Amino acid sequence: MGLKTFWHKLGSPRWFYGIANPWRVGFGLAAALLLSVGLVWALVYAPPDYQQGNAFRIFYIHVPSAMIAQSIYIGMGVAGLVLFVWRMKLADVAIAACLPVGMTMTALALFSGGVWGKPTWGTWWEWDGRTVSTLVLLFLYIGIYALRQAIMDPELRGKASALLAIVGTINIPIIKYSVDWWATLHQPATFTLTEKPAMPPEMYLPALVMALGLYSFVGYVILQRMQGLVLEREARTSWVRELAG
Amino acid sequence: MWRLLKREIMVMWRATGVIFNPLMFLFLAVMLFAVGAPPSTGGGSAVASYGGAILWILVLLTNLLSLDGLFRRDYDNGMIEQMATAPQPLFMLLLMRISAHWIAVGLLLTLLSPLLGVLLGVSVNALVVVFLTLLIGTPALSFLGATGAALTVSFARSGALLGLLILPLYLPTLIFGATAIHDQVNGVDNPAALYWLAVVSILAIGLGPFACAMGLRISLEMQ
Amino acid sequence: MAFESLPDFLAMGGHALYVWLAYGAFALVLAVNLLAARRLKSRALREIRFQARVDRKETCD
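Protein chains in written order, with numbering that gives the first Met the number 0: chain A, 0 to 244; chain B, 0 to 222; chain C, 0 to 60.
Don't read these hints as lab results, they were simulated from the structure. Computed from a predicted model, the values in this text were never measured in an experiment. Where a beta carbon is used, it is the ideal one built from N, C-alpha and C, also for glycine. Misleading hints may appear alongside valid ones.
Reference listing, derived: stretches of chain A covered by chain B, where coverage requires no fewer than 3 residues with Cβ under 8 Å from a Cβ of chain B [unchecked claim]:
1. 5-14
2. 135-142
3. 175-182
Derived DEER-like restraints, expressed as beta-carbon distance ranges [said to hold, decoys possible]:
4. C/Cys59 - A/Pro153: 24 to 34 Å
5. B/Ile201 - C/Asp54: 12 to 22 Å
6. B/Ala159 - C/Arg52: 35 to 45 Å
7. A/Ile169 - B/Asp75: 26 to 36 Å
8. C/Leu33 - B/Val187: 19 to 29 Å
9. A/Ser70 - B/Ala159: 25 to 35 Å
10. B/Met23 - A/Asp179: 30 to 40 Å
Could you build all of it, start to finish, from the sequences and the hints given here?
Right under this line is the structure:
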């Protein structure tokens, strides 16, 4: 099936619901496998850090969740673009499904970062480039959430969230750059977060596995949510009635 | 084009919610800082170095307040709808209107900035930088904020929501503006901040009207 | 293996509080997301089935 056919078919919620099932199951299995391997590796087999000791294991939670928090927002931005350019209903379903997952991942990134910071650098919270960027990301998510809460009409809610997601996504690199620029000016002289010795594979491979596992997990959850939302929105159609039994 | 611009400015002058009230808020807020954290006595140098940051934050908040009324009255009386269906492209009309907002608010604040800077304890040698950062940075505030105003115009009490949507977008402008002033006060030579401020403003002026137009069209459908 | 025994593992070299707080939060976030997604879907299905019965007049709305 060509890309054009695929795109055209995505216009049909019914087709999406069907095709989502094998992908969802696939993501779920991949997540279960990768996360179990990753967790055991991260907690038991990965070596403790020379300076940070076992607190370093938090890295295996913090980095993947931060990566995903940002990826999901950009995904929402792309979905927003799709909504405006191709008028695809499914795009709004995607944004709605991504929102809670993205918010919880951002919160996890912030929390795990704080918990990692206390034993490692002495403070639960430090205003540096990454913390500010991640905090701003959380506010960008909350903004879309709040806007959705304020609009009753579903089609307009979709368009408004799509616009906000696009505007936010475009601003993310600008915000990140400015915050990093600001952080390098305010960095305390005692430690530099930018210069780290190259990480050996025993340390970064578990992070990779955890990241892939977490990506699969959110893939599973988002598809699950999208299917649920499609059912809600297409409740009155015959194919849904048939599906429900 | 210029007649339209002039008319927009004159309309804005009369709308108290756009210029007069926010301006009063700004002076009040400056007074609160002067009383709460006196720049001259006691913690003199600490507050002086914060002066630029406080100035910028107050400018952000003032801008936020004035944006709320940018489209509201015309949304209620059907003017926005007329603009959307006019032969001229909406983004061009909005370019005029938002420019008018900048002239009426941002530029006004820029002209008042030497006074504001002094009141907030910014050293006199930094006042030129204060003026420049506001001159270059306030267009970004008007043009970025307009999209937020467009999306929230149909809500009755949109103030806090507007802030939630716009303030993250204001962060780069704040960073570059406050840093430029801070550097000047502390004798550090760093022109990069002003250049980046210009970049953000130019991007905002270029893209803002389009996003704002989209936002207004969405809000119009909610009527 | 990075640990000699189970107590060592749980103690995490003195950083137990932080490590387990982080991993606990991780488990919580995963669980909440999983359950919420499942609940969304099952509630939709339940609602649809109920509506079908209402339409067939087997029950009242």
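Hint check:
no.	hint	verdict
1	5-14	violated (count 0)
2	135-142	holds (count 5)
3	175-182	holds (count 5)
4	C/Cys59 - A/Pro153: 24 to 34 Å	holds, 27 Å
5	B/Ile201 - C/Asp54: 12 to 22 Å	violated, 58 Å
6	B/Ala159 - C/Arg52: 35 to 45 Å	holds, 43 Å
7	A/Ile169 - B/Asp75: 26 to 36 Å	holds, 30 Å
8	C/Leu33 - B/Val187: 19 to 29 Å	violated, 51 Å
9	A/Ser70 - B/Ala159: 25 to 35 Å	holds, 29 Å
10	B/Met23 - A/Asp179: 30 to 40 Å	holds, 37 Å
In terms of the numbered hints stated before, the structure departs from hints 1, 5 and 8, listed from lowest to highest.
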